[in-house]
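Protein chains: 2
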Amino acid sequence: MSQSTTVAVIGTGVIGNGWIGRFLAQGLDVIAFDPAEGAEERTRQVIQQVWPSLEKLGLAEGASQKRLTFVPTIEEAVQNAAVIQENVPEREDIKKSVLTSIDQHAKPDAIIGSSTSGIMATTLQQGLQYPGRVIVAHPFNPVYLLPLVELVGGEETDTALMERAKAFYQSIEMKPLVINKEIEGHVADRLMEALWREALHLVNDGIATTEEIDAAIIYGAGLRWAQMGPFLTFHLAGGDQGMRHMLEQFGPALKKPWTKLEAPELTDELKEKVIEGCESHAGDVPISELEDKRNEFLVKLLDLVEDYWPQSKI
Amino acid sequence: MSQSTTVAVIGTGVIGNGWIGRFLAQGLDVIAFDPAEGAEERTRQVIQQVWPSLEKLGLAEGASQKRLTFVPTIEEAVQNAAVIQENVPEREDIKKSVLTSIDQHAKPDAIIGSSTSGIMATTLQQGLQYPGRVIVAHPFNPVYLLPLVELVGGEETDTALMERAKAFYQSIEMKPLVINKEIEGHVADRLMEALWREALHLVNDGIATTEEIDAAIIYGAGLRWAQMGPFLTFHLAGGDQGMRHMLEQFGPALKKPWTKLEAPELTDELKEKVIEGCESHAGDVPISELEDKRNEFLVKLLDLVEDYWPQSKI
Numbered sequence: 001m002s003q004s005t006t007v008a009v010i011g012t013g014v015i016g017n018g019w020i021g022r023f024l025a026q027g028l029d030v031i032a033f034d035p036a037e038g039a040e041e042r043t044r045q046v047i048q049q050v051w052p053s054l055e056k057l058g059l060a061e062g063a064s065q066k067r068l069t070f071v072p073t074i075e076e077a078v079q080n081a082a083v084i085q086e087n088v089p090e091r092e093d094i095k096k097s098v099l100t101s102i103d104q105h106a107k108p109d110a111i112i113g114s115s116t117s118g119i120m121a122t123t124l125q126q127g128l129q130y131p132g133r134v135i136v137a138h139p140f141n142p143v144y145l146l147p148l149v150e151l152v153g154g155e156e157t158d159t160a161l162m163e164r165a166k167a168f169y170q171s172i173e174m175k176p177l178v179i180n181k182e183i184e185g186h187v188a189d190r191l192m193e194a195l196w197r198e199a200l201h202l203v204n205d206g207i208a209t210t211e212e213i214d215a216a217i218i219y220g221a222g223l224r225w226a227q228m229g230p231f232l233t234f235h236l237a238g239g240d241q242g243m244r245h246m247l248e249q250f251g252p253a254l255k256k257p258w259t260k261l262e263a264p265e266l267t268d269e270l271k272e273k274v275i276e277g278c279e280s281h282a283g284d285v286p287i288s289e290l291e292d293k294r295n296e297f298l299v300k301l302l303d304l305v306e307d308y309w310p311q312s313k314i
Numbered sequence: 001m002s003q004s005t006t007v008a009v010i011g012t013g014v015i016g017n018g019w020i021g022r023f024l025a026q027g028l029d030v031i032a033f034d035p036a037e038g039a040e041e042r043t044r045q046v047i048q049q050v051w052p053s054l055e056k057l058g059l060a061e062g063a064s065q066k067r068l069t070f071v072p073t074i075e076e077a078v079q080n081a082a083v084i085q086e087n088v089p090e091r092e093d094i095k096k097s098v099l100t101s102i103d104q105h106a107k108p109d110a111i112i113g114s115s116t117s118g119i120m121a122t123t124l125q126q127g128l129q130y131p132g133r134v135i136v137a138h139p140f141n142p143v144y145l146l147p148l149v150e151l152v153g154g155e156e157t158d159t160a161l162m163e164r165a166k167a168f169y170q171s172i173e174m175k176p177l178v179i180n181k182e183i184e185g186h187v188a189d190r191l192m193e194a195l196w197r198e199a200l201h202l203v204n205d206g207i208a209t210t211e212e213i214d215a216a217i218i219y220g221a222g223l224r225w226a227q228m229g230p231f232l233t234f235h236l237a238g239g240d241q242g243m244r245h246m247l248e249q250f251g252p253a254l255k256k257p258w259t260k261l262e263a264p265e266l267t268d269e270l271k272e273k274v275i276e277g278c279e280s281h282a283g284d285v286p287i288s289e290l291e292d293k294r295n296e297f298l299v300k301l302l303d304l305v306e307d308y309w310p311q312s313k314i
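For the record, the sequence lines run as chains A and B.
Take the first sequence: its position 244, counted from the start at 1, is 244 in UniProt numbering, and no numbers get skipped.
Take the second sequence: its position 10, counted from the start at 1, is 10 in UniProt numbering, and no numbers get skipped.
No wet-lab data here; the hints were simulated from the structure.
One thing to keep in mind: the hints can contain errors.
DSBU-like cross-link-like pairs, simulated, lysine-lysine; straight-line CA separation at most 35 Å [said to hold, decoys possible]:
1. A/K56 - B/K66
2. B/K256 - A/K96
3. A/K175 - B/K255
4. A/K260 - B/K175
5. A/K96 - B/K255
6. A/K300 - B/K256
7. A/K293 - B/K256
8. A/K293 - B/K66
9. B/K273 - A/K255
10. A/K256 - B/K181
11. A/K181 - B/K300
12. A/K300 - B/K56
13. B/K255 - A/K300
14. A/K260 - B/K181
15. A/K56 - B/K260
16. A/K256 - B/K300
17. B/K96 - A/K255
18. B/K181 - A/K175
19. B/K271 - B/K300
20. A/K293 - B/K56
21. A/K273 - A/K256
22. B/K96 - A/K260
23. A/K166 - B/K260
24. B/K273 - A/K260
25. A/K166 - A/K181
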């Protein structure tokens, strides 16, 4: 992405400001709009607070907090922008009204990404003049540090635009995950929300406190998930046979009340999808080598957790 | 824990071997039993493989792979052990039969911990001579590195024994989480299983591949959960108002089909439990300071992920 790229950020709450931090650190020009009283001041304060972290991660050439401009209208914000990131409150009526304004004033070839956590792109683009340039581009807090962005097109999204969008988000050091089937909550929030709801059940049923649940994740699954995700983690828990053995051993637990969530039927087809997925992901690397690498990583991560977080009472 | 403590490990699969690695690294004497052909050789190979990681993490004085002995009977394994860790296959009949043998030969004051992922302590201790010394002590793979161990007593578990057990697991550098209410799957596996089932649904419904799901966790939620767990993570996503604002903003999503798991009703009582839990966990530290600390941690963790894992195609 050229360093003269201009991006517009519409809505400067936690997520909008997170985008601004990332865009500025990547050496882009950012034009922001938010109608709330004092929005500009709050944003500049946030960016100043997080700048040292961004410096440590490495700034692009020319990156500067001075390349942020606030403007008083959506029109001025979007009219010269190559990419427009929408981050207004998570309500369909508000998002659609703002997207209509953006649609009126944006360049025809602009990429319009919505940070929505759950609304589908097809819904967002309905009725617009150029619906083909609208996608979901859903990031994770803190946006200036976390690399994941889910990209989901709607029925009317232009295929070539999605390719350009993917290249853009990659160019700002993100990991775009293109999801080809629209569902509410996309992929990452489905996973997070399942865990979150289960956690609320545990609190609600008096099984554990919020702090105990946090500890149960941090010192166990969390350390592993930062590293390999749930599937490859289980692939390594299966010994030399990997996921194939894992599913034999823990498949039956899917029938048990180990969560309030009903499991899908573990059909042969689903089994093969999961096993082949893991085996292809792991490639030719033997499990013992993956284990060595995992262990080196975990040793360093444990030191990090010890140094930084948390002062746990657990 | 004195360095002359002897621990017995019954069953030397992935989990049993993980315990052996941790016990040896902590300078304990380990006596192992497993009836499978070639078990001792496999265990010694595993321990040799993981020893460099244990060295990097730091060995206790006197720690040595030579302090591992295999014996041919349960009786010989447990008769002098202060702590006995049971890791036989996850089937109630097998576990109960093995625990009956352990019960016959163990010292009356020995701590008997079962690594069961899901069976309740009350079930395991039923019918034993000294049921009071049996607890669930559920670890996470790789046991020699991950600090979490869930301790759950049964109806007949002795309170003082649980205190001794907690002190023992702390002495070997673990984070024991004592759970006061027995449920199948305890706490951590409930959370993991909810996410795992949702992940299987996503694969089953053709929404994402296993590798995409792993990426969706690693580059987003996983990095955060390694750090703060789900509650404190959301506390920080709520801006200055923390969890209170978060629940206002994303509480309504609990009504949406964002996962296949039904959420509990977000009653005022549940809200307060969650908000107060987070506020008390965070203590007097202002959110902006928590953010600074989180950011420093994440910057280093991102470097680690980059260095070690994964060679992702995403």
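### Task
Hint by hint, work out which the structure violates, then give me just those numbers in ascending order.
1, 6, 7, 13, 15, 16, 18
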